[in-house]
Amino acid sequence: LADTDADVRQKNMLHGLFHRIQPELGFMQGNSDGFNEHLDTLEGRVWMQLEWRALRRAVESSGSDRAEAMADALAFRRERRRRFPGAAENERRDEIREGLASYTGVAAWASSAADARRAAAAALAGADSQPSLVGNFEAASGPGYGVLLDDLLPGWRRQVRATSDLGDLLASATNKPPT
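Using my numbering, you'd call the opening residue of the sequence shown number 228 and step up by one each time.
Simulated from the structure, these hints should not be mistaken for lab results. Ideal Cβ positions, reconstructed from N, Cα and C, are used throughout, including at glycine. All the pointers check out, no bait thrown in.
Here are the computed distance ranges between Cβ atoms for each label pair:
1. PRO381 x LEU269: 34 to 44 Å
2. THR231 x ARG310: 36 to 46 Å
3. ARG247 x THR268: 28 to 38 Å
Just need the whole structure built from these sequences, with the hints factored in.
If you want it as structure tokens, here you go:
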């Protein structure tokens with residue numbers, strides 16, 4: 228089922244409320260976006276979309292299918308960051324600042340883990356239609372990584388820091404060598 232206008236408003240309000248307490252949690256490293264212009268190049272956009280498609284597959288599946296999809300998402304992420312020096316730090320910073328807020332909107336709104344997974348999958352599915360991924364990518368990545376971490380690494384939210392990388396947290400939860 229598609230989100231109703233009320234669902235969208237609730238998630239947006241919860242996202243905004245997280246921003247209100249973010250400085251107290253130590254998750255603000257400046258208010259400016261990272262330099263993620265690489266995401267609007269053809270190559271950057273393709274690698275991001277591959278990561279999102281694999282993340283969505285992971286969110287919507289279980290067992291070995293899920294593990295394979297997570298490995299794929301992490302491999303696409305690693306390759307994009309290898310091709311664009313400096314991308315890892317800039318993307319990481321924006322995922323912590325905006326991605327955690329987007330995840331919080333989804334997680335606090337959801338009445339079940341299935342609802343959270345459905346909302347994260349919807350965010351990932353609609354993200355690639357954005358005209359620009361710069362300043363927008365984390366609205367899909369944050370919920371995608373967050374709901375997977377909820378399932379695989381209980382207590383991850385207490386471990387996350389301003390210097391954390393959501394992909395690294397997921398990789399540590401899978402204990403699987405990179406593909």
